[in-house]
Amino acid sequence: MFGYVIRRLGGAVVSLWGVTVITFIIAYAVPADPARTIAGPKAPPSVIHQIRVNLGLNLPLPVQYWHYLVRLVHGNLGTSYVYHLPVAHMIMQRAGATIELAFGCWIAELVIGIPLGIYTALHARKISDYLVSAIALIGISLPVFWLGLELMYYFAFQLSWFPLGGYGGIRHLILPSITYGITGAAIYIRLLKAQMLEVLNQDYTRTARAKGATDRRVVLRHVLRNALIPVVTFGGIDIGFLLAGVVLIEATFNWNGLGMLAYQAVQQLDIPVIMGTVILIAMLVVLFNLFVDLLYGVIDPRIRYD
Amino acid sequence: MAKSWKKGLGAVTSISALGLLLAGCGAATNNSTTTGGTSGKPSMGGSILLDETQGLKDLDPALSYDTQSDEVVEQLYDQLVTYAPGTNSAKIVGMAAKKWSVSKDGKTYTFHLRSGMKFWNNKPVTAQSFIAEFQRVATKNLGSGGEYFIHNIVGEQQFYKGQAKTISGLTAPDKLTLKIQLTAPNPAELKVLAMPFFSAVEPSYISQVGNKAFDSTKAMGSGAFKLGSINSSQVVLNRNPNYWLKDQYGNQLPYLNQVTIRVNSNAQVDALNFQKGTTAWLGMQQTIPSSAFPEFEAKANLKKDLQKVSQNSIFYLGLNTKIAPFNNKTVRQAMEYAIDKKAIIKLYNGRGIVANQPLPPNMPGYMKSLPSSIQYSYNPSKAKALLKQAGVDPTKITLKLYSSNQPDQLKEDQSIQSNLQDLGFTVQIKSTTWGPFLDVTEKGTAQMFCTGWFQDYPDPGDFMFLFQTDQAPTNNMTMYSNKQVDSWLKQANTTSDKQKRLNLYDKATVQVMKDAPWVPIYYPVTYYAIQPWVHGWYAPSALMDPMARVWIDKGHSAS
Numbered sequence: 303m304f305g306y307v308i309r310r311l312g313g314a315v316v317s318l319w320g321v322t323v324i325t326f327i328i329a330y331a332v333p334a335d336p337a338r339t340i341a342g343p344k345a346p347p348s349v350i351h352q353i354r355v356n357l358g359l360n361l362p363l364p365v366q367y368w369h370y371l372v373r374l375v376h377g378n379l380g381t382s383y384v385y386h387l388p389v390a391h392m393i394m395q396r397a398g399a400t401i402e403l404a405f406g407c408w409i410a411e412l413v414i415g416i417p418l419g420i421y422t423a424l425h426a427r428k429i430s431d432y433l434v435s436a437i438a439l440i441g442i443s444l445p446v447f448w449l450g451l452e453l454m455y456y457f458a459f460q461l462s463w464f465p466l467g468g469y470g471g472i473r474h475l476i477l478p479s480i481t482y483g484i485t486g487a488a489i490y491i492r493l494l495k496a497q498m499l500e501v502l503n504q505d506y507t508r509t510a511r512a513k514g515a516t517d518r519r520v521v522l523r524h525v526l527r528n529a530l531i532p533v534v535t536f537g538g539i540d541i542g543f544l545l546a547g548v549v550l551i552e553a554t555f556n557w558n559g560l561g562m563l564a565y566q567a568v569q570q571l572d573i574p575v576i577m578g579t580v581i582l583i584a585m586l587v588v589l590f591n592l593f594v595d596l597l598y599g600v601i602d603p604r605i606r607y608d
Numbered sequence: 003m004a005k006s007w008k009k010g011l012g013a014v015t016s017i018s019a020l021g022l023l024l025a026g027c028g029a030a031t032n033n034s035t036t037t038g039g040t041s042g043k044p045s046m047g048g049s050i051l052l053d054e055t056q057g058l059k060d061l062d063p064a065l066s067y068d069t070q071s072d073e074v075v076e077q078l079y080d081q082l083v084t085y086a087p088g089t090n091s092a093k094i095v096g097m098a099a100k101k102w103s104v105s106k107d108g109k110t111y112t113f114h115l116r117s118g119m120k121f122w123n124n125k126p127v128t129a130q131s132f133i134a135e136f137q138r139v140a141t142k143n144l145g146s147g148g149e150y151f152i153h154n155i156v157g158e159q160q161f162y163k164g165q166a167k168t169i170s171g172l173t174a175p176d177k178l179t180l181k182i183q184l185t186a187p188n189p190a191e192l193k194v195l196a197m198p199f200f201s202a203v204e205p206s207y208i209s210q211v212g213n214k215a216f217d218s219t220k221a222m223g224s225g226a227f228k229l230g231s232i233n234s235s236q237v238v239l240n241r242n243p244n245y246w247l248k249d250q251y252g253n254q255l256p257y258l259n260q261v262t263i264r265v266n267s268n269a270q271v272d273a274l275n276f277q278k279g280t281t282a283w284l285g286m287q288q289t290i291p292s293s294a295f296p297e298f299e300a301k302a303n304l305k306k307d308l309q310k311v312s313q314n315s316i317f318y319l320g321l322n323t324k325i326a327p328f329n330n331k332t333v334r335q336a337m338e339y340a341i342d343k344k345a346i347i348k349l350y351n352g353r354g355i356v357a358n359q360p361l362p363p364n365m366p367g368y369m370k371s372l373p374s375s376i377q378y379s380y381n382p383s384k385a386k387a388l389l390k391q392a393g394v395d396p397t398k399i400t401l402k403l404y405s406s407n408q409p410d411q412l413k414e415d416q417s418i419q420s421n422l423q424d425l426g427f428t429v430q431i432k433s434t435t436w437g438p439f440l441d442v443t444e445k446g447t448a449q450m451f452c453t454g455w456f457q458d459y460p461d462p463g464d465f466m467f468l469f470q471t472d473q474a475p476t477n478n479m480t481m482y483s484n485k486q487v488d489s490w491l492k493q494a495n496t497t498s499d500k501q502k503r504l505n506l507y508d509k510a511t512v513q514v515m516k517d518a519p520w521v522p523i524y525y526p527v528t529y530y531a532i533q534p535w536v537h538g539w540y541a542p543s544a545l546m547d548p549m550a551r552v553w554i555d556k557g558h559s560a561s
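Same order as they appear, the protein sequences are chains D and S.
Here the working numbering runs 302 ahead of the position in the first sequence, where the first position is 1.
Here the working numbering runs 2 ahead of the position in the second sequence, where the first position is 1.
Rather than coming from a laboratory, the hints here were simulated on the basis of the structure.
Bear in mind the structure is a predicted one, so any value in this text is a computation, not a measurement.
Misleading hints may appear alongside valid ones.
Computed spacing ranges between beta-carbons, pair by pair [said to hold, decoys possible]:
| # | chain 1 | residue 1 | chain 2 | residue 2 | range |
| --- | --- | --- | --- | --- | --- |
| 1 | S | Gly-42 | D | Arg-373 | 53 to 61 Å |
| 2 | S | Lys-214 | D | Val-307 | 38 to 46 Å |
| 3 | S | Gly-42 | D | Asn-378 | 56 to 64 Å |
| 4 | S | Tyr-380 | D | Ser-443 | 22 to 30 Å |
| 5 | D | Arg-310 | S | Ser-231 | 49 to 57 Å |
| 6 | S | Lys-413 | D | Ile-440 | 24 to 32 Å |
| 7 | S | Ser-170 | D | Asn-378 | 38 to 46 Å |
| 8 | D | Val-355 | S | Ala-186 | 24 to 32 Å |
Glycine included, every Cβ here is placed at the ideal spot set by N, Cα and C.
Take the sequences, apply the hints, and build the full model.
Dropping the structure here:
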C-alpha cells in the first residue's frame, strides 16, 4: 500500500504541473491586460506601462512561466497583483471560512441525501418514492442564489432567526449549509438509491435474508455498506470541490471564502491569485481522490492495493 | 490631462461592483447636509457599519484610484485643501492649509499650513510631508495615476525622468510654508490639489515599512480616522482623538468612534442589511441594486431615507469623425435626432436625466438654454431627411456599435440598435470586456461606441478637454478635431477670469454640438439611502463619504 501511495503522489505532482501550465496559458489567453485592471480605468498609458514592467508582464510568456514555476518549487505562490499581499497569506486568511462552509454544506448534503436515498430504495416504485424523487429533482433544479436569497429573506430578514449572511459562528453557517444541502442532496439520493436497488438483488443479499437476518441487518450491514462505495467516491470528490470554495453559496451569503477570492481574482485578472487558488483546488481534488481510494479498502475488504 | 474613466453606459448601476473610480459625484436635488428625522446638537461616540461590494485595492494615497480605495484613504489622510461640506459643494476650503495666496500671474501658490497638526505617531505635519508625497507621485516606478495631474509643476518632468533629485517647483521656505510653482496658470489647480493623491505622508514611516506594506496593510496619516485593522473581508477605522478639526460647537471631530466597512459582494443582501437597520447607508460604494430599487421607491419608510443626487458625469454615444459614414457632419447630426434617450433612461429605472450637451447640469458652464440650431430631440423623420440630404442610403450600411459588457448595457445597446434600424441601418453590437473595449476605442478605430465620462474634479475643463485634438485618440476617441475649438479650450485652460472662461466653454459647447461627434445620452442620477438616525452625511462634490462629519443618534451604534 505504501508503494501505491507513493505512485499516486508522484502522479499527483505531474497532474499539478499540468494544471499550472494550463491555468497559466488560459489566464494569459484572456484578451485583457492585467496591468490595465490593476491601474484602474483612469490610469494613463505611462502608468499601465510602468505596472507591466514592475510585474514583469513585459517579459515573454515562457520566461514568466519559468519564473513562476521556480517560485512555486520554493513554496512561494507569489504576490497578488491587485492587493500586493502574498497569495499564500490571502489563501490562509480565507481557508478557515471555506473549510467551515465546505463541511457544513457536505454534512447537510449527507444528512439529507443518505436517509432519503435509503428510503427511496426501500420504497422503490411506491408513491412515497415518486414524491421524494420529485422533491429531490426540484431541489437539484433550484438555483442556489435564488434559494439562498429566499431562505435569507424569510429566516434572516423577516424572522431574524439567523444572521443576514456573512461569516461568523454556527448560526451563520446554518442557512448556507441548508441551501447547499437541498440543492446538492439529490445527487446522493439518486446515487444511493440506484446502487442499493442493484445490491438488493444480489445473491449475497438473498443469502443473508435466507439465513434469517433481520431487514435492518440486511440493509445496514449488507446492502448499505456495499452500496456506499460510489457514494464515498462522489463524496470525496465533492468535499474536494467544496473545500476549494463554493462560489455561488459564498457570493449569495456574503461568505468571504476561497471561492469568492478566486471569483474576484478572475474578475480582476489577478493571475497569481488565480494560479494559487486553482493549484489549491487541484491539490485538494487529487488528495481527496487518493483518500477515497484508500477508504475503499476499509469499506470493502476485498479491495487490495498492489 | 489624465486618461479618465470611460465606461459602458450601463455601468451606472454597478459602479462599486467594478471597483472603478468615481472621482466625484455631482449636484443634488436635495441640498441639506443633515439627514434623518431629528436634528439638534451632534452627539459624540458610537460606531457604524457599512457594506461594500468590493474590497479596496490600494491604501497608499499615491496609488489609490478607485472608489473603494479612496473611501478609506480619504478618512486616513489630509490634503492641503478640500471641498466645503455640503452636497455638491464645489467650494474649496483649507484643510492642512490654513490659508494660501496665488501670485498675480497665477503661477505661484503659497500655502501656510496649520500648526500643531500631527500624524498618528505624533510626528508633525510639515510642508515637507506634502513635498514627499508629490515626489512619490512623480516617482516613475511607483506607477501613480496622479502623476499626470502635476505635469504643470516646474521641474516635475525632470524628476520623473530621473534628471533631477527634487522637484524644483516645490519648496518649503519654512516648516509650515509650501510654495508650488507652475509652468502655466491652471484655474483648476486647487481642485487638483484636493485629490487624495496629494496627501500629507510621513516618509520615515514609509521607508520603515516599505512601499508594498504601505499600500496593502500599513498606514500612517494625519486624518480623522486611524487604520484599526484591514483584511480582505473588512476594514476597521478608529477615531483619531488628536484630529485638528472642530465643529461649530467646539466638538473635536470625528464624532464616531469606529467605522467598520465590510466587503459583502451580494448587493441584494446589503440592501436587506440596510432595511434591517444594520448598516448606516447605501451610497456611492453600496449602490442600491436594480432589483431592490423598486421596493425602495414603493415603501414609504424606505423612500423617506432616499436622497437623489445627479452625478457630474455623462454617458454618450461616440461617433468616429474619421470613419464613414460619420466623417460626414450631416450624418452625425442625423444621429442626434435618431436616439430615443428617454427610452434608454427608462431602462435604468429612471435613474438618469436626458443629456443635451457634454457638461452635466451642475457643472459651471452648463448651458441652460441652447441655441435652437443645436436643440436636438428624438425625431426619426428629421434624421431620415438629414441622411437623405447627406446622400447616404442607410440600407446599404452596416454599423458597428462597440460597448463594454457591463450590467444592463446590452439593453441600452439594443435600444440604440433598434433606433438606427428604424432608419434603415444594419447595426452589429460589438460587446466586450472593458480592456478590449478600450483597446479598440483608444486607437481611434471604433466606428461608433457607447461610453461615459466621470469627472476627476468638478471643473468644466475636465470634460471639455475630451474634444481637444491633442487628446485623440486616447481620450478623444471620436478623433474630433476643430482648430477653433482647440483655441478656445486652450485659452480657457489658462485664463483665471471666471466669466471669460465660461464664455469660452459656451462657445466650444455650441461648436461641438454643431459638429456632433457625441450624441449625449444621459446624466446619471444616484439614489442614496441614509438611515434616519444618521446625521451630517452629504454627497460630496468630488470626494467620498464625509465620515468625519457623520454622527448618529444614541442607541444605534453597530454592535
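* Note whether the CB distance of Gly-42 (chain S) and Asn-378 (chain D) lies within 56 to 64 Å or breaks it. => 57 Å, holds
* Can you let me know if the beta-carbon spacing of Gly-42 (chain S) and Arg-373 (chain D) is within 53 to 61 Å? => Holds, since Gly-42 (chain S) and Arg-373 (chain D) (Cβ atoms, about 59 Å apart) stay within the stated range.
* **Hint check for Ser-443 (chain D) and Tyr-380 (chain S) - Cβ pair distance inside 22 to 30 Å** => 44 Å, violated
* Using the C-beta atoms of Arg-310 (chain D) and Ser-231 (chain S), is the stated range 49 to 57 Å upheld? -> Since Arg-310 (chain D) and Ser-231 (chain S) have Cβ atoms about 42 Å apart, the given range 49 to 57 Å is violated.
* Asked: In this structure, is the beta-carbon distance linking Val-355 (chain D) and Ala-186 (chain S) contained in 24 to 32 Å?
  -> 30 Å, holds
* Consistency of beta-carbon spacing, Asn-378 (chain D) to Ser-170 (chain S), with hint 38 to 46 Å -> 42 Å, holds
* Range hint 24 to 32 Å (beta carbons of Lys-413 (chain S) and Ile-440 (chain D)) holds or violated -> 31 Å, holds
* Asked: Range hint 38 to 46 Å: satisfied by the CB atoms of Lys-214 (chain S) and Val-307 (chain D)?
  -> Roughly 40 Å apart at Cβ, these two residues keep to the hinted range, so it holds.
The structure fails hints 4, 5 (numbered hints given earlier, in ascending order).
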